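*Asks:* If you want the building blocks of each chain, they are given just below.
4 protein chains.
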Amino acid sequence: MQIGDPVTPQIEARARDSFARQGLMTYLGAEIAEVRAGLVTLRLPYRAELTQQHGFFHAGGTSAIADSAGGYAGFTMFPEGSSVLTVEFKINLISPAQGEFLEATGRVIKTGRTLTICQLDVWGVTGDRRKHVAAGMQTLICLHDTPDAPPA
Amino acid sequence: MQIGDPVTPQIEARARDSFARQGLMTYLGAEIAEVRAGLVTLRLPYRAELTQQHGFFHAGGTSAIADSAGGYAGFTMFPEGSSVLTVEFKINLISPAQGEFLEATGRVIKTGRTLTICQLDVWGVTGDRRKHVAAGMQTLICLHDTPDAPPA
Amino acid sequence: MQIGDPVTPQIEARARDSFARQGLMTYLGAEIAEVRAGLVTLRLPYRAELTQQHGFFHAGGTSAIADSAGGYAGFTMFPEGSSVLTVEFKINLISPAQGEFLEATGRVIKTGRTLTICQLDVWGVTGDRRKHVAAGMQTLICLHDTPDAPPA
Amino acid sequence: MQIGDPVTPQIEARARDSFARQGLMTYLGAEIAEVRAGLVTLRLPYRAELTQQHGFFHAGGTSAIADSAGGYAGFTMFPEGSSVLTVEFKINLISPAQGEFLEATGRVIKTGRTLTICQLDVWGVTGDRRKHVAAGMQTLICLHDTPDAPPA
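Protein chains in written order, with full-length UniProt numbering: chain C, 1 to 152; chain E, 1 to 152; chain A, 1 to 152; chain Z, 1 to 152.
Some hints here could point you the wrong way.
[What the hints assert, rightly or not] Per label pair, the in silico range of CB-to-CB distance: (1) C:SER82 with E:ASP17: 42 to 52 Å; (2) E:SER95 with Z:PRO9: 42 to 52 Å; (3) E:HIS132 with C:GLN2: 38 to 48 Å.
Calculated from the structure, these hints are not laboratory results. Values in this document were obtained by computation on a predicted structure and should not be read as measured data. In this text, a Cβ means the ideal position worked out from N, Cα and C, and glycines have one as well.
Construct the complete structure from the given sequences, taking the supplied hints into account.
*Replies:* Here's what the structure looks like:
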């Protein structure tokens, strides 16, 4: 399996179900645009509730969708019955985060039994225009035999 | 002036006014707990709208308040008429982010004419119990002669 | 000018002269393999003097050439008479750093008047085999009107 | 055991033996100044072989000793028979790295079965004067049942 390949319906459903349990993603208005092997794209439409003091998207929102995009990119490559946590991430905010929506991709650059490393990128999109607004890197940990949901 | 010293009412008002214009902070329910020279503390009460898939605070919320705490810590030391932007930050999520609320501090470790570096820490607080849940570092840029608000 | 384009002989000479003044690069045995616009490649041959405790290249050597590759990638795009300093970098050591030599590339992903952001990558190379051993990101600052050499 | 407590002679010897096998540390001229529980201090005397183009210590040397200080800080807390690898680190170079020697400390801020997080700090020291020149964070992984030496 190569990064960017299609995934099985089971893997896609597992990522979408987990994403749907992230209260913050729903509350911010983020949605999954695409799930591929080791490559997940999220979108976050602009709203005044997501801004910083100059009216751009707040770095916290930009980071939140970058982190989730990377987490689910890693998760597509994890074995059944495992769970994903972010160990750490780093993000450079390279241009003001403006646009009708932000698009964040997480792309696996190395996967291992325990740790997975992702590249994170965020674009501000308005009509046909895409501007690279953030770039980062993320370290994920795979928790084997750990359900990806809270205890019932 | 030492890090942690009291600030003038003008500096405190400038930080609080700017924070109040961050749509995301209001929407998440974050508030400023304390403004000191180069040291700002924010709080974020727990809500289901802030969670990740296991029911803990989402790293995006943890990061958002860490980033704002650092940004305003730097801003207290910036000259009148300037504005603050985050260049980049890095955060390690060292324990599951649980508690009645999160408390984030940004603490300036180096300030310069252009760049300011902050230490970021987040605790999960329940009653008397405080657990260190995240630690990070942040680089800020001071935009001189740039109003800290959107054009009217 | 696009990233990866050829540079003028003047720009190449400026980068190579500055590199030659980095005592550490000479001492480690690193050399410039290629200078392109916003894209610089360095090589570091294996020696026992560069190892960590398991006999792999030490993360310090891997980081040193990644940092210099990024710094000179940025420097190719800076105006005449300016100088480059690293503000910060982050590096993930994704595989044991082994090989006949390491090859590090710095690639500019955003350039601005003050700050420039680079992607850093390091490969371990043995014969035809290249293994990705480290990936990072770097923030550089351009010091305008500052000679890139110590005071005489 | 608290961070900064004295260590047993066995733990100190284990750290010093491993450090002595790091070819790079010897080659750069670095030495261990102190080993405490989760807190290790290294020193690196100034030499022209360690410089960048302005004559300061190169960020690669600063990073190398910060990385080793953190690695051995973590290693003091690891079980017998295990080994340490750096997963990633991030460093801000907050002032020009000048002085008779650099002093780097690694301090554990969270230790777990698999991952350990350290704070990294480097000072430039000249006589009685100490200047904070770099600050960073590091993620380490503990390889259980893995000898801390190359295969014989």
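*Asks:* State for each hint whether it applies.
*Replies:* Status of each hint after checking the structure:
Checked against the hint of 42 to 52 Å, the C-beta distance between SER82 (chain C) and ASP17 (chain E) comes to roughly 46 Å, which is consistent with it. Judged by the Cβ atoms, the range 42 to 52 Å given for SER95 (chain E) and PRO9 (chain Z) is violated: they are separated by roughly 32 Å. Roughly 39 Å separates the CB atoms of HIS132 (chain E) and GLN2 (chain C), a value that falls within the hinted 38 to 48 Å.
In this structure, the one hint that does not hold is number 2.
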